[in-house]
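Assemble chains B and C onto chain A, guided by the hints.
If you're matching them up, the sequences are chains A, B and C in order.
Residues 2 to 515 in the working numbering are what the first sequence spells out, letter by letter.
Residues 12 to 118 in the working numbering are what the second sequence spells out, letter by letter.
Residues 24 to 66 in the working numbering are what the third sequence spells out, letter by letter.
These are calculated hints, taken from the structure and not from any lab test.
Owing to the predicted nature of the structure, the values given are computational and were not obtained by experimental measurement.
Do not rely on the hints blindly, as some may be mistaken.
[What the hints assert, rightly or not] Below, a list of computed lysine-lysine pairs in the DSBU-like style, where the Cα atoms sit at most 30 angstroms apart:
| no. | chain 1 | residue 1 | chain 2 | residue 2 |
| --- | --- | --- | --- | --- |
| 1 | B | K80 | C | K51 |
| 2 | C | K51 | B | K26 |
| 3 | B | K21 | A | K303 |
| 4 | B | K117 | B | K18 |
| 5 | B | K21 | A | K381 |
| 6 | B | K18 | A | K31 |
| 7 | B | K21 | A | K31 |
| 8 | B | K18 | A | K298 |
| 9 | C | K51 | B | K117 |
| 10 | B | K21 | C | K51 |
| 11 | A | K302 | B | K117 |
| 12 | A | K402 | B | K80 |
| 13 | B | K117 | C | K31 |
| 14 | B | K26 | C | K31 |
| 15 | B | K18 | C | K31 |
| 16 | A | K402 | C | K51 |
| 17 | C | K51 | A | K403 |
| 18 | B | K80 | A | K403 |
[As the list claims (entries may be wrong)] Listed next, with one range per pair, are the computed distances between beta-carbon atoms:
| no. | chain 1 | residue 1 | chain 2 | residue 2 | range |
| --- | --- | --- | --- | --- | --- |
| 19 | A | K448 | B | D102 | 34 to 44 angstroms |
| 20 | A | A176 | B | P84 | 49 to 59 angstroms |
| 21 | B | A103 | A | D229 | 44 to 54 angstroms |
| 22 | C | A52 | A | T365 | 31 to 41 angstroms |
| 23 | B | K18 | A | G447 | 47 to 57 angstroms |
| 24 | A | L445 | B | E113 | 50 to 60 angstroms |
| 25 | A | S37 | B | S109 | 26 to 36 angstroms |
| 26 | B | P84 | A | T25 | 37 to 47 angstroms |
| 27 | B | S109 | A | K408 | 27 to 37 angstroms |
| 28 | A | R88 | B | K26 | 53 to 63 angstroms |
| 29 | B | A78 | A | P77 | 31 to 41 angstroms |
| 30 | A | E70 | B | M97 | 24 to 34 angstroms |
| 31 | B | S109 | A | H153 | 52 to 62 angstroms |
| 32 | A | A75 | B | A103 | 16 to 26 angstroms |
Ideal Cβ placement from N, Cα and C applies to all residues, glycine included.
Listed below are the residues making up each chain.
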Amino acid sequence: MNSVIKGAGYILSHAPDMVLHNGTTQTTEKVVNPNSEYLVELPKHLRSYEQTLNYMPNQVYIGNMTPDELAQHAQPWYNQDAPVKERYGKFGEIMPQDEFYLLMQVSDVFDLVELEKDFVADVKPRLAADPIITESIMARVKDGVSEEEVQHWVNEEGAEPLYNNNKLIGCVKRAHDVDVNLSAHVLLEDLACKAGSVLALLYCVKNSGINPADVEYVIDCAEEACGDMNQRGGGNFAKAAAEIAGLTGATGEDVRGFCAAPTHAMITAASLVKAGTYKNVIVTAGGCTAKLGMNGKDHVKKDMPILEDMMGGFAVLVSENDGVNPEINLDILGRHTVGTGSSPQAVISSLVADPLERNGLKITDIDKYSPEMQNPDITKPAGAGDVPLANYKMIGALAVKKGELEKKELAAFPEKHGLTGWAPTQGHIPSGVPYIGFAREDILSGKIKNAMIIGKGSLFLGRMTNLFDGVSFVIQANTGAEDNSGVSEDEVKSLIAKAMKDFAMTLMGEEEGK
Amino acid sequence: MDLENQKRVKELSEKYGPENMVVLLGAAEAEAAGLAAETVTNGDPTFAGPLTGVQLGLKVYHICEEAVKSEVPADLYEDQVGMMEMVLDVDAIAEEMSSIREQYCKY
Amino acid sequence: MSLLNGSKVIIIGDRDGIPGPAIEECAKAAGAEVVFSSTECFV
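Chain A on its own, in the form it takes in the complex (with noise of 0.2 angstroms):
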């Protein structure tokens, strides 16, 4: 029986202070040009919390506006106002960036975090107001150390400062005096991942309504790796957020493949819950620090704001089959394989043609496409266009040329089977998965009756192979849970009475073969 989509969580965290000391567009740029006039005028066009608040791309993330109310609004959005403004959402919330750093704090399980005590004094109680944040959590945050001791630990330690508005605040220390895989560095990276991947579990079980104790597994899919010296990626991201988000029933794993990997990982959990392995699977990823600015020059050149100084992170639950939720096809699987080539017309074959046409259906027959929901208004001034266009225009011109969608419905196709893109450039997280949320709503409400999601991952960044890859399912409307009660005591004992026969005759057949 197929799996089903359960609910999910998607969170976003404002991290202004990190885009201009995390974000490995302004690390290289402090290295190879220190006095540059981009390092000056940069946080000047850092945004405010309320302003990202105000920012339509970011509601439609959290689940306060729609894909479609979004694509009402020309573009661009940066200089518009949004019609919600809200923190929280019906998929999860956006925040501000003092309490991300506590949650970072109590995700840390190793005394790495040291935030200063009137920092947290402050915070804390902003956190605790957090509806979704528990007692549980709470219990973990610390009270703090004085200034005096993060100026040490950050001058003579080599921890990696954490700054507010500027100011310093606390750090991410070290965690090993040689091994660069346990630098400070890598520990804040890693643990801002690991914070965003917990909040997106605990708003993922709350939108599911499933007891915590119940999810049996659960997959990483971000883009960092965990290790030591002597096990770099070693992992396990899954279970560590678990564990924070209190899912004592879980184990996990991480699975890893740049930007494809949440649909890679979605793929996993759909068979481990079809194959009866386990019953509940969450998906999750935080966002990467590393990502933030990344198109910043161009932003600034043009004088926009900043607008990737968001995190993301995401968790999706896949459960075994109830008769109502939207159900993963695993008979519809796209895979771009070593020698499918790296030309765009074979990735699109093999990721949407392909797997349809296996399948006997055509282009047209998918209601809604998700491939990457990159924001363009993050894109386009950076000159990489608008993505899930680019995409779409793709999709479209392969369906006219198999025949399957006439010359003159061409302009049309990117409207009515695509989306417009709402999610940060956070290499994963704008993947696929961001219209899980809103595709269940809108096969469960009947808007739509299917929809793919594609993940494309630029494997040649990791310089082991020069290959590109990419992986795509299909969700689709509830066919009612298969009525396995109706086999009866005879029939089964047929069965078993078959099966033991086939295996006898089998071994003889060995037997004689020898």
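Just chains B and C now, kept in the frame of chain A:
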């Protein structure tokens, strides 16, 4: 352009002689194509990489330009690039590329 | 005069445009020697 890629362009130009090199780009937009083209001709306009202030003046083309397309077997080009011709703004890219070549290309 | 035939070619592809290996196929078929091929990613 990525810093490592700039480094490779510089090293390879020194090794083979800039007059013998052709750089082919696959950028998604005219502006990005122009920036990459400027980088390998007039130097890195973002002042970040090894090509900052280095005026290599290399021949540089986008794969979608007619000068390149006409030299590639038609069926192979169709397989590798054909669909993207429908997706990208080929005219804007070509215009930007020739503008950069006219200003900075030495060969 | 041929642009590509006999030339040393450097390829800077784009993940959201045309990736390096696809350009590589074209350059080789046109008689060029590909001395470096890479693909950039802005997202």
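Here is how each hint holds up against the structure:
1. K80/B <-> K51/C: holds, 13 angstroms
2. K51/C <-> K26/B: holds, 20 angstroms
3. K21/B <-> K303/A: Holds. K21/B to K303/A sits at ~29 angstroms (cutoff 30 angstroms).
4. K117/B <-> K18/B: Measuring from Cα to Cα gives roughly 20 angstroms; hence the hint holds.
5. K21/B <-> K381/A: holds, 29 angstroms
6. K18/B <-> K31/A: Satisfied, since the Cα-Cα distance of roughly 19 angstroms is no more than 30 angstroms.
7. K21/B <-> K31/A: Judged against 30 angstroms, a Cα distance of about 22 angstroms means the pair holds.
8. K18/B <-> K298/A: With Cα atoms ~20 angstroms apart, K18/B and K298/A stay inside 30 angstroms; holds.
9. K51/C <-> K117/B: Holds, at about 24 angstroms.
10. K21/B <-> K51/C: Given pair K21/B, K51/C holds - Cα atoms ~22 angstroms apart, limit 30 angstroms.
11. K302/A <-> K117/B: holds, 28 angstroms
12. K402/A <-> K80/B: Since the Cα atoms of K402/A and K80/B sit roughly 20 angstroms apart, the hinted pair holds (cutoff 30 angstroms).
13. K117/B <-> K31/C: holds, 16 angstroms
14. K26/B <-> K31/C: Holds, at about 11 angstroms.
15. K18/B <-> K31/C: Within the cut-off at roughly 16 angstroms; holds.
16. K402/A <-> K51/C: Given that 30 angstroms is the threshold and the Cα spacing comes to 26 angstroms, the pair holds.
17. K51/C <-> K403/A: Judged against 30 angstroms, a Cα distance of about 28 angstroms means the pair holds.
18. K80/B <-> K403/A: holds, 24 angstroms
19. K448/A <-> D102/B: 34 to 44 angstroms: At roughly 38 angstroms between Cβ atoms, D102/B and K448/A fall inside 34 to 44 angstroms, so the hint holds.
20. A176/A <-> P84/B: 49 to 59 angstroms: 56 angstroms Cβ-Cβ, so the 49 to 59 angstroms window holds.
21. A103/B <-> D229/A: 44 to 54 angstroms: holds, 50 angstroms
22. A52/C <-> T365/A: 31 to 41 angstroms: holds, 34 angstroms
23. K18/B <-> G447/A: 47 to 57 angstroms: holds, 55 angstroms
24. L445/A <-> E113/B: 50 to 60 angstroms: holds, 58 angstroms
25. S37/A <-> S109/B: 26 to 36 angstroms: Holds, since S37/A and S109/B (Cβ atoms, about 30 angstroms apart) stay within the stated range.
26. P84/B <-> T25/A: 37 to 47 angstroms: holds, 40 angstroms
27. S109/B <-> K408/A: 27 to 37 angstroms: Given about 30 angstroms between the Cβ atoms, the range holds.
28. R88/A <-> K26/B: 53 to 63 angstroms: holds, 56 angstroms
29. A78/B <-> P77/A: 31 to 41 angstroms: holds, 34 angstroms
30. E70/A <-> M97/B: 24 to 34 angstroms: Once the Cβ atoms are compared, 29 angstroms apart, the range 24 to 34 angstroms for M97/B and E70/A holds.
31. S109/B <-> H153/A: 52 to 62 angstroms: holds, 59 angstroms
32. A75/A <-> A103/B: 16 to 26 angstroms: Check passed, 21 angstroms falls within 16 to 26 angstroms.
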